[in-house]
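**Student:** Residue 241 in the UniProt record's numbering is what sits at position 241 of the sequence shown, and the numbering runs on without skipping anything.
Hints were generated in silico from the structure; no laboratory data involved. Here the structure is a predicted model, which means the values were calculated and not measured. Every residue gets a Cβ at the ideal spot worked out from N, C-alpha and C, and that includes glycine. Every clue listed holds true.
Cut-off 30 Å, straight-line C-alpha distance, at most; resulting in silico cross-link-like pairs (BS3-like, lysine-lysine):
{"no.": "1", "residue 1": "Lys27", "residue 2": "Lys165"}
{"no.": "2", "residue 1": "Lys194", "residue 2": "Lys183"}
{"no.": "3", "residue 1": "Lys102", "residue 2": "Lys287"}
{"no.": "4", "residue 1": "Lys287", "residue 2": "Lys271"}
Here are the computed distance ranges between Cβ atoms for each label pair:
{"no.": "5", "residue 1": "Leu322", "residue 2": "Asn134", "range": "40 to 48 Å"}
{"no.": "6", "residue 1": "Leu90", "residue 2": "Thr21", "range": "20 to 28 Å"}
{"no.": "7", "residue 1": "Lys271", "residue 2": "Asp153", "range": "52 to 60 Å"}
{"no.": "8", "residue 1": "Lys183", "residue 2": "Phe259", "range": "22 to 30 Å"}
{"no.": "9", "residue 1": "Leu263", "residue 2": "Asn134", "range": "25 to 33 Å"}
{"no.": "10", "residue 1": "Lys271", "residue 2": "Leu322", "range": "27 to 35 Å"}
{"no.": "11", "residue 1": "Asp23", "residue 2": "Met1", "range": "31 to 39 Å"}
{"no.": "12", "residue 1": "Tyr177", "residue 2": "Asp153", "range": "23 to 31 Å"}
{"no.": "13", "residue 1": "Asn269", "residue 2": "Leu90", "range": "49 to 57 Å"}
{"no.": "14", "residue 1": "Met1", "residue 2": "Asn143", "range": "37 to 45 Å"}
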Amino acid sequence: MSINYGIKTGYNPAFIITTATRDSILKQCDNTQKSLLPVTTNTFPSLRVSDSERSNPQDNKVDCHESANADSRNDKNIESKSRNDKNHILLNEYKRTKLLIKPILRGRDIKRYSYQWDNLWVINTHNGYKLDSNKKPPPIDINEYPALKNHLDRFYPQIAKRSDKGNTPYNLRNCAYLPLFDKEKIVYSEIVQKEPQFYLDNGDFKFGHFYAEATSFILSGENLRYLLGILNSKIVTFAFKTFYAGGGLGSAFRYKKAFLENLPIPKINAKQEKQITDIVNEILESKKQNQNTGALESKLDSIIYKLYDLNKDEIDQITLSLSLS
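With the hints as extra help, turn the sequences into a complete structure.
**Tutor:** As structure tokens, then:
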């Protein structure tokens with residue numbers, strides 16, 4: 001597994017915006033054919049433009065856990081007019097701007113198996129990066145996004161003097177793992193108060209995958225549902241509270257990257273993994289409906305205790321310790 005920081009903008013008031021600000025920016029975009037710009041399919045990894053994509057800049061706000069609809073899938077799954085055409089696709093300012101503004105979660109927005117999105121977005125004016133194919137999309141040229149430039153110019157003195165900018169004050173710092181934000185991943189809050197806050201972002205949100213803000217992390221790799229169950233389990237919570245928490249946080253504790261990367265994860269067979277992932281999937285679905293998942297989580301904890309070969313006395317000690325903290 002790989003663990004990476006969330007997006008560091010250097011000046012959040014400029015680059016992290018509300019839904020109202022996003023809507024205002026999109027309304028200012030030129031939506032005419034004259035503003036069409038050739039964009040290579042590598043500029044937006046995993047994003048392809050369809051002829052049927054809606055060009056109406058009026059998007060409705062959504063509640064947490066609202067699933068993707070046909071319109072958002074069009075935004076994510078843009079089709080070239082010819083699958084054999086590896087040259088360019090055409091996007092007007094509205095469409096290409098919409099693709100650059102991503103929903104974002106802060107550490108405080110992430111819950112255990114869930115999230116509470118605060119209608120915040122990040123302006124992803126990236127500085128270029130490498131794809132798995134070793135192709136490198138170029139840095140975003142802000143002059144091709146007049147409405148975004150107009151917004152960022154309001155903060156120009158602040159964004160110009162930040163140390164972690166890209167090639168221009170309008171670009172974010174280099175981020176080699178940027179494509180991972182558009183894939184299935186675990187997002188989590190590093191510092192928590194009482195319980196772990198790990199959530200699986202599988203892209204079923206109305207606006208696609210979440211990006212993570214600097215107060216949160218992303219965990220990528222294989223067997224993510226199994227890992228999610230382990231990380232949200234009582235035994236791992238106990239381990240971090242007792243041995244890995246660090247000091248100076250009062251009642252809070254920290255999921256340090258170095259400790260997570262070296263966390264002993266039991267090796268399991270396919271049958272065991274299916275048993276765990278089935279429960280994890282049920283928890284995730286129940287959370288979407290705001291249902292109580294206590295019984296499911298207890299069932300999962302019982303299975304995970306066995307994977308770590310704990311006896312009854314050890315389990316009782318963990319249960320008591322967590323109840324007192």
